Amino acid sequence: IPMKRAGTPDEIAAGVLWLLSSEASYVTGTILEIGGGR
Numbered sequence: 009i010p011m012k013r014a015g016t017p018d019e020i021a022a023g024v025l026w027l028l029s030s031e032a033s034y035v036t037g038t039i040l041e042i043g044g045g046r
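Residues in the sequence shown are numbered consecutively from 9, following the working numbering.
Derived from the structure by calculation, the hints contain no laboratory data. Just so it is clear, the structure is predicted and the values come from calculations on it, not from any experiment. One should not assume that every hint holds.
Quick list of the computed label-pair ranges, beta carbon to beta carbon [said to hold, decoys possible]:
(1) L25 to G45: 25 to 35 Å
(2) K12 to T36: 26 to 36 Å
(3) I9 to L40: 16 to 26 Å
(4) T36 to R13: 25 to 35 Å
(5) T38 to P10: 16 to 26 Å
(6) K12 to Y34: 28 to 38 Å
(7) I39 to I9: 25 to 35 Å
For each residue, glycine too, the CB sits at the ideal point set by N, CA and C.
Could you build all of it, start to finish, from the sequences and the hints given here?
Now the structure itself:
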């Protein structure tokens, strides 16, 4: 685990909400890895 802890539900939800937002309207065909960096 890169950050030495598991992600919280709020941290995961923030990524999902961003994908659902208008800010991500140009994002297609990608995998958003919410993994704390590597």
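Problem - Hints breached by this structure - result: 1, 7
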